[in-house]
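Peer 1: Given chain A, work out where chain B should sit, using these hints.
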Amino acid sequence: QSVLTQPPSVSGAPGQRVTISCTGSSSNIGAGFDVHWYQQLPGTAPKLLIYGHTNRPSGVPDRFSGSKSGASASLAITGLQAEDETDYYCQSYDSSLGGYVFGSGTRVTVL
Amino acid sequence: QVQLVESGGGVVQPGGSLRLSCAASGFTFSMHSMHWVRQTPGKGLEWVAAISYDGNNKYYSDFVRGRFTISRDNSKNTLYLQMNSLRNEDTAVFYCAREGNLAVAVAHFDYWGQGTLVTVSS
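One line per chain: the protein sequences are A and B, in this order.
Residue numbers for the first sequence follow my numbering, so the first one is 124 and each next one is one higher.
Residue numbers for the second sequence follow my numbering, so the first one is 823 and each next one is one higher.
Be careful, since some hints might not be right.
List time: in silico DSS-like cross-link candidates among lysine-lysine, alpha-carbon distance up to 27 Å [said to hold, decoys possible]:
| hint | chain 1 | residue 1 | chain 2 | residue 2 |
| --- | --- | --- | --- | --- |
| 1 | A | K170 | B | K898 |
| 2 | A | K170 | B | K880 |
| 3 | B | K880 | B | K865 |
| 4 | A | K170 | A | K191 |
| 5 | B | K865 | A | K170 |
| 6 | B | K880 | B | K898 |
| 7 | B | K865 | A | K191 |
Just so you know, these hints were derived from the structure itself, not from any lab.
Chain A on its own, in the form it takes in the complex (with noise of 0.2 Å):
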């Protein structure tokens, strides 16, 4: 099992908003470790999509956007298009493995 739990899916409505969480603990999140987020499309590597909880990469539409609470995440995806159905991924760090972790993966899907 992955450190960073996300839900295996999410879908919404071209147009509508969706948001993926990821969970962590007071060894990663909990303990104010950056989150990060990538998204990958199916047979590529993933894309930073955002750093250090909220930021943007250049290039990222302003649709994603990042926040924090607690020893959780999430990634809010407003203005849903179609290109946006692919896997999503959150990182942090973790202090008792000390190693980078990843979250389980959400698969987002527009209906």
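Peer 2: Only chain B this time, still in chain A's reference frame:
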């Protein structure tokens, strides 16, 4: 543009060895820490190892420590992963990833290679 190209994957028997390479271009390789991350259908993404920009510091996940060795040759702009004592559960796509220099405390991976498949099977 930044490019990372992995090579060296293949089929190997349990207990065998394999060396992965990652050729970097389009940026100053010697200024970035580098990582290996693997992905399996069952376990998703897993961080494997990291090496500092100068090669002096190396870090490993618990499940590869003692079996895998990360290294780099800055004169060749190349990252390596020597994998020994391979197990069935090491079967995965292995990605090399560049650690970004955005102002955050936890390493993030801003560029990834296309991945190379390692299959451990008898």
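Peer 1: Next step is simple, just say for each hint if it's right about the structure.
Peer 2: Taking the hints in turn, this is what the structure says about them:
1. A:K170 <-> B:K898: Distance ~25 Å between K170 (chain A) and K898 (chain B) Cα, so the pair holds.
2. A:K170 <-> B:K880: 24 Å, holds
3. B:K880 <-> B:K865: Holds, at roughly 24 Å.
4. A:K170 <-> A:K191: Holds: K170 (chain A) and K191 (chain A) sit about 20 Å apart, inside 27 Å.
5. B:K865 <-> A:K170: Distance of about 19 Å is within 27 Å: holds.
6. B:K880 <-> B:K898: 19 Å, holds
7. B:K865 <-> A:K191: 24 Å, holds
Hint compliance for this structure: no hint is broken.
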